[in-house]
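K.L.:
Put chains A, L and W with the ligands on the given structure of chain X with help from the hints.
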Amino acid sequence: MTATETKTGTSKAGTKVMTLLEAITDALRHEMKQDDRVLVFGEDVGKKGGVFGATLGLQDEFGEQRCFDSPLSECGIIGTGIGMALYGMRPVAEIQFLDFIYPAFDQIVSEAAKMRYRSGGEYTCPMVIRSPYGGGIRGGHYHSQSSEAYFCHTPGLKVVIPSTPADAKGLLIASIRDEDPVMFLEPKALYRHAKGEVPLGEHVVPLGKARIARDGTDVTILCYGAMVPVCLAAAETAAQAGRSIEVIDLRTLVPLDEATVLESVKKTGRCVIVYEAPKTCGYGAELSAIVGERCIEYLEGPIVRVAGFDTPFPYTLEHLYMPDQKRVLAGIEKTFVW
Amino acid sequence: MTATETKTGTSKAGTKVMTLLEAITDALRHEMKQDDRVLVFGEDVGKKGGVFGATLGLQDEFGEQRCFDSPLSECGIIGTGIGMALYGMRPVAEIQFLDFIYPAFDQIVSEAAKMRYRSGGEYTCPMVIRSPYGGGIRGGHYHSQSSEAYFCHTPGLKVVIPSTPADAKGLLIASIRDEDPVMFLEPKALYRHAKGEVPLGEHVVPLGKARIARDGTDVTILCYGAMVPVCLAAAETAAQAGRSIEVIDLRTLVPLDEATVLESVKKTGRCVIVYEAPKTCGYGAELSAIVGERCIEYLEGPIVRVAGFDTPFPYTLEHLYMPDQKRVLAGIEKTFVW
Amino acid sequence: MSNDLLTIIDQDGKTQKGKDPGLPKDELQRLYRLMVATRLLDERGLAMQRQGRIGFYLQSTGQEASHLGAAYALADRDWLFPAYRQPGILLLRDISIDKIVSEWLGNSGDTSKGRQMPVHYSFREANFVSISSPIGTQLTHAAGAGMAARIRGDDTVFMTFCGDGGTSSNDFHTGLNFAGVTKAPVVFVCENNGWAISVPQCKQTASESMAIKAQAYGMPGVRVDGNDILAVYRVCKEAVDRARRGDGPTLVETVTYRMASHSSSDDAARYRDATEYEAWKKKDPIARFQLYLKQRKLWDETFEAEVVETAKAKLAEGVKLAEARANLGPESLFDDVFMNLTPQLKAQRQELAELMSKGGVGADVGHFPL
Amino acid sequence: MSNDLLTIIDQDGKTQKGKDPGLPKDELQRLYRLMVATRLLDERGLAMQRQGRIGFYLQSTGQEASHLGAAYALADRDWLFPAYRQPGILLLRDISIDKIVSEWLGNSGDTSKGRQMPVHYSFREANFVSISSPIGTQLTHAAGAGMAARIRGDDTVFMTFCGDGGTSSNDFHTGLNFAGVTKAPVVFVCENNGWAISVPQCKQTASESMAIKAQAYGMPGVRVDGNDILAVYRVCKEAVDRARRGDGPTLVETVTYRMASHSSSDDAARYRDATEYEAWKKKDPIARFQLYLKQRKLWDETFEAEVVETAKAKLAEGVKLAEARANLGPESLFDDVFMNLTPQLKAQRQELAELMSKGGVGADVGHFPL
Ligand SMILES: Cc1ncc(C[n+]2csc(CCOP(=O)(O)OP(=O)(O)O)c2C)c(N)n1
Ligand SMILES: Cc1ncc(C[n+]2csc(CCOP(=O)(O)OP(=O)(O)O)c2C)c(N)n1
Ligand SMILES: [Mg+2]
Ligand SMILES: [Mg+2]
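Protein chains in written order, with our numbering: chain X, -3 to 334; chain A, -3 to 334; chain L, 717 to 1086; chain W, 717 to 1086.
If we strip away everything but chain X, and leave its shape as in the complex, we get (with noise of 0.2 Å):
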C-alpha cells in the first residue's frame, strides 16, 4: 500500500485489510446495497459464488433476483446485461475467464460499445464486464490471457484494470456508476496475493487518474494490473544498485491519464513498458507510441517493452512467458543504452 491510495475516494468508516478478490466482493456488496438497479449475474456465480470468489454470499444477501446464474453463454450474459442497461438497470456481468469473453465479442464491439453512438445518445448501456484476466495462476492456453488491447481498440468502452485492494474497490464501485458499458478486468494473480488496507463503506476511485505507485527520476515504468508488483519488485532491486525507478499503475487505459505519464517520461528521460499480453499490437504499443511521439524530445534512451510473447499462453513454460522481474530490470538496463 503506498499513501497514494489510502487519499483517493472518502471514507467514513474506517479501513480493514483485504485481498484483492474480498475488494471486489466488498464493491459489489456496496454497491447492491445502495442502488436496487444493480444486477450481478453470470456462470456459476449464485450458490458457488464464482469460481474465484468473488460474488460468495451476495445470492444470500440480495436474493435470486439480485444475483443470479446464467445459462453457458457468454452471448447471453453480456447481450441480456445490454437489454437490462437500456431498460435502465445496472447490470455487472461477470465473465469466468476473459478467455471465454469471445463468444460475446459481437455484443460487446457492435452493441455494447456502440449503443450511445450509433443511437445520437438516445439509448445508453451502462454496465460493467468484470472478468478475471492475465497469467500466474498454471491457467495455461485458456485461463490464462491478457486481450485488453481489443477492448482498448473498441471506441465507446472504458477499460479499467486494479492493483491494490482499495483501487479494486473504488474503481469498480466508479464503473458500476458510470454512464457508459465498463470492461473491469481483474488481475486473476493477484486476487489472493495482493492484500492492503481497504476503506470500509463509500470509496471512489474515479476512472482516467492513473496512479504514482513508486516516485523516482531516472526511469519511468508504465504498467498496469498484475505487473505492477513485479515492477515495484525490479523497482526496488534496481534502487540497491543505485537507479532511482518511477512505477506508474494506469489504472485506467481507456481513458488513459496521458498527462501523468507524459510528465513522469518528460522528467525522467526514459520508459519502460511492461505488459503480459503479446508484444504486437498491445496496448503497450500504444503506450510506447504515445511516447515515442510527444516525449522523442525528451528521451535519454530508447523506449524498452517488455511483454509477453507473440505467441499463444504456454501451460508448462508460463513461468517464462510471463515477464518476470529479471526481465524488467533487463528492459531499465536497455533504456540505458542507444
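None of these hints come from the bench; they were simulated from the model. Some clues are possibly wrong.
To be verified - Subject to a maximum C-alpha distance of 25 Å in a straight line, what follows is the list of computed DSS-like cross-link-like pairs (lysine-lysine):
no., chain 1, residue 1, chain 2, residue 2
1, W, K815, W, K1030
2, W, K1062, A, K205
3, X, K262, L, K1062
4, W, K815, W, K1036
5, W, K1062, X, K330
6, A, K330, L, K1062
7, A, K29, A, K12
8, X, K263, A, K330
9, W, K735, W, K999
10, L, K730, L, K998
11, X, K330, A, K263
12, A, K43, L, K997
13, W, K733, W, K953
14, A, K330, L, K1074
15, L, K899, W, K919
16, W, K1013, W, K998
17, A, K262, W, K1062
18, L, K953, L, K735
19, A, K330, X, K262
20, W, K997, X, K43
21, X, K43, L, K899
22, L, K741, L, K1010
23, W, K1074, X, K330
24, L, K919, W, K899
25, L, K1062, X, K205
26, W, K730, W, K1010
27, W, K1062, X, K322
28, A, K322, L, K1074
29, W, K1028, W, K997
30, L, K1030, L, K815
31, X, K43, W, K919
32, L, K1062, A, K322
33, W, K1074, X, K322
34, L, K730, L, K997
35, A, K43, L, K919
36, X, K330, A, K262
37, W, K899, A, K43
38, X, K191, X, K205
39, L, K733, L, K999
A quick note: this is a predicted structure, and the numbers were derived from the prediction, not measured.
P.N.:
Only chains A, L and W with the ligands this time, still in chain X's reference frame:
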C-alpha cells in the same frame, strides 16, 4: 502500377488490366482450378456471386460443391471452415463485411489461431478468411470498419492487405497456399477504383515482403490497403512542394517486413503512419512503437500517426473521419516540427 | 402444432368462423391506412435512393401485414427491438415522416445524428430501440430487457423481430434460450420471407419450420400467415397477453415474402425465379385486407382515394420538411462516444477543427455498396 | 419421440427382449475392461493432482458408459471431436497411459508439447482432434469436417461431444444447423450430466430435453439412458450407420450424472444436494454392466480381479514412464505458432535465450484456479 509490382511473382501468360475485385476473382479461379481442395463459401457467394461480386461465376464453373452459400452465421462459416481445414481441405471463407466477423471471433481467436500451437503441431488450420474492410463507400457504422489490429494482436494469424490488383491476386494465391490461417482483408474502397496490369495464370507474391510504392528521401510513409493511393497522392502533392516522400505499402501486417520499414526510416529520418482504423491501439501504434524503439537515434522529427478518430464509424461525416490527402500532408509537415 | 399455419382471411376476403379477432371498425380502417402509408413510404424511399437523394434504402413491400399486425398487439408502453424491415411500426407509433426522412438523410433532424445508414432508426419517444446492422443481436437485448422488467415487477412486454436468416444467428439461440429459462415477457417475431438476400430458406435450416425451433427453448411456437393482418394480430395478441400474464415468451413465425430486392443495392432477378414472385403477388397483404374490409363494407373507392391522398400529402410534406433541415456540424462527430468527451477525443476534435479552419479537408467517398 | 428415454439393461442386469444389440462376448468383456480402466485412470488423475504431481484434473466418473458406448459405435477411421470428459475414448483407441500422463505433465512426451492444461488431449494417430477449453466450438468443427468428407466422397463419420451446458453455446446452434442443412455425417452426443459446474439443467434451458432440440435443425434427436452402455451403443450405432449412409446427422442425448465435482478445483458439496448423488450412485454404469455380464455368465470375481489388476499394472507402468520423461526446453515455446518461425519470433526466442544464459529468469506462478 509501379514497376515493383510487375516484377514480383512469375507469369508466363502475359498480363491483363483488371480491377482489384477482378484480380481477386482471378486468384480464386486459378486456385480452384489447380487444387481441388480449395473450397469457396460464405453468405451469398453462390448464385449472387457475393455482394461485391468477388465470387461471380465460380459456382457455375466449379459447381455447388466447390462454391456454396452458407446459412447466415459467421460463426458457422469460420467454424465449419476450420473443420474442413482439419480434414485436409483448403477453405476460403468469405465474410460479407469485416464488421460482421465478430460472431465468429471465438472461432478465429480461440480455434483457428491456436490450433497448431495447442496441439503441438498435430492439427493445423490452413484457411483463408477473406473480407472487405474499411470505409469509402458510404456504408456507415457497420459496413466500414477496419479492425485489422484485433487480428494482428492474435498470435497464430497472418494478416494480409493488398492495395493493387496485381498484389491482390499474388497475395491471395500465396495466402491460399499458406499452411496457416490468413486473414485476407480487402480494401473495398479500391475494389473497382484500383485498376492495373495483373499477370495472367500463375502469380505469387510472397507473404512478409513490403513494397516500396514510391521512392523518396525526406519522409517515410507507412501505410496499407486503401490508404496507399491516398498516401501516394499526398506524396505527389508534397513533391511539388519539394518534399521527397517514400511510400511503403506493407502488404503483410503479420508477419511484418520490419527490415524494409526500418531501413527506410533510417534513411529518411522521418516517419508518418497512416491507417483508417481508430487511432488508439490500431496497427499504426505498433508501427510507431517499432520505429520509436528501433530508430530513435535516426529520427530527425517526431513520428506522426494519421488515423481514424477514436469514435465508432460515422455515416454522414464519413468524409471527415477518413484520413485524406490533406491530413496526410499535414502529418508530413508535422515531422518537420519538434 | 408448430408447423401448422393459421390463416383468418381467405382469398375471397372472408374470415373463418370464430377466428376474427373482432377489432372495432375504425381500428380496422386505421390498420388499413397504416399498411397503405407504409407501402407508399417504402416506394418513396426507393425512389429517393434511385434519384440519388439518399444513399441507401431497404423496402418492406409485402410484409406490411406481418409487422403491423404484430406490433399492433402491443400497448404503447411496450418496447420494440426491431430488425430493419418493420417501417410500418414507426407510423403506428406516430413517428413523423419528417423524422423518418431525416434519418435517411442523416441530417440535424435525425435522432441518431447521422451515425447510421438509412433505415437504422432509433426513437426513444416510441420505445423503439436503436436498430443495428449485425443480424440477430436485438433478440438477446429483448430477452435481457424482459428479465429486467420481471425483476422490477413491471408488466411491460417486449417484442423483437428477425428474419428467416436471423434464425441462424448466435443471438437467435441465445435470446430465445435466456428468455425461455427466465420466462421473460418477450414476443419473438420471425418474419420468414423465404430469403436472406440470395439464400433461400432451404439452405438456411433443415428444420420443418421456424416456429418449431421454439421447442428447443421450452416455449410455444406459432406459425401464422404473414400476409393476413388479422391472423398475425390474433396470434401476437395471445403471445403479448401470455407474456404480460407472466407465462413467458413465444416465438411467432409469420410466413410472408420479400416482394422487393433485398435492398437498393440488390437485384433479386439475379438469383430468384419470377414465378415465385408472381405466386406471392396474388397474396398481397394489402389487397387481401382490402377485400376483407370491402366484405365488411369498410372500404370503397372513395375511402381508398382518401387514404392514398392523405398518406401522399403527409409524405410530401414530411420529405419537404426533412430535406430543408441543416446538415450536422463536424464537431458532432465526437459526441456520444461516451457521455463526456475524454481528453483524447477533445484533442482529436480540436485537431480536426484546426485542419478544417485551413479548408479543404474531406475524403472522397463513393457509393454503397461500391 | 425426442423426450422418451431408451434403456436396455434394467436394474437387475436383464435386457428387454429384442433390444440387446447382440455384441460378441469378448467385445462385451472388452467394453467392461475399458470402463474399469477409465475409472481407475480417473482416480489416479485426481490422486496425482491432490499429491501436487500434476496441476489440474477433471474426472469422468459415472459417465464411462456414456462416452465409451458412443465412441464404440465408430469405425477406427472415423473422427472424434471430443469435449474434455471422455477419457475412455483414449483407451478405446489404444493411446498409451504413458502418453496420457505425459499430457497431464506437459513434458516432452506430450503430443501437444505442454501447451495446454491437463486433459486437453490431441492424438492425431487416433483421429482424436485437439480438445480446447472454450465450450462447444468443436461441434461446428465436426460439422465442417463432415461437409468436407461429403464433398470428397469419403464415408468417414464424425462424432462430437458436449455437455448439457454446451447446448447453450453459440456453436451448439451453429454446428447442428450447418450439419442439418448439409446433411453432414455427424453424430452429436450431448452428455447431459445434469450440471454445468454449479448450474443445474433447469437453469440451462427450459426445453423438455436436450434431444428435442434436434427438431430445430431437422435431424432426429434421441434420448438414451447414459448409464446403460448397451443402450448408448445401440442408439449411436444407428446414428453412425445413418450418417455413413448419407442420411445426415443425429443428436443423441445421453442422460447421466457427474458423480465427481466439476474438476479438481471444484467442490460440488457447496451447491449440490447429497441425496441427488446417492440416487445416482445406485445407477452406476459399471455396476449395471457388471450385473448384465454376470447374468450372461461373462463376469465373476476372478475376472474382476484380473481386470482390475491388469488395468492397475498398466497404469503404474505408464505413470512411471511418463514421469521419467524430460521437460520441454524453453526454445519450444516459439514453435508451432506458425509452420515456420517469423523473424519476430526468431528475435524473441533469441532474446529469451540470451536472458536465460545469464540465469535466473522465470516468473512465480501459482496454482489453478488460484
Ligand atoms: C452478422 C451479419 N452478417 C451478415 C450481414 C449482411 N446481411 C444483411 S441482411 C442479410 C440477410 C438477412 O436475411 P433475413 O434475416 O432473412 O432478413 P430479411 O432481409 O429477409 O428481412 C445479410 C446476410 C449482417 N447484416 N449481419
Ligand atoms: C465459453 C466458455 N465459457 C465458460 C467456460 C468455463 N467452464 C468450463 S466447464 C463449464 C461447464 C460445462 O458444463 P457442461 O457443458 O454441462 O459439461 P460438463 O462439465 O458437465 O461435462 C464451464 C462454465 C468455458 N470453458 N468456456
Ligand atoms: Mg428473410
Ligand atoms: Mg454437464
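K.L.:
Which of the numbered hints above does this structure break?
P.N.:
When the structure is compared with the hints, none of them turns out to be violated.
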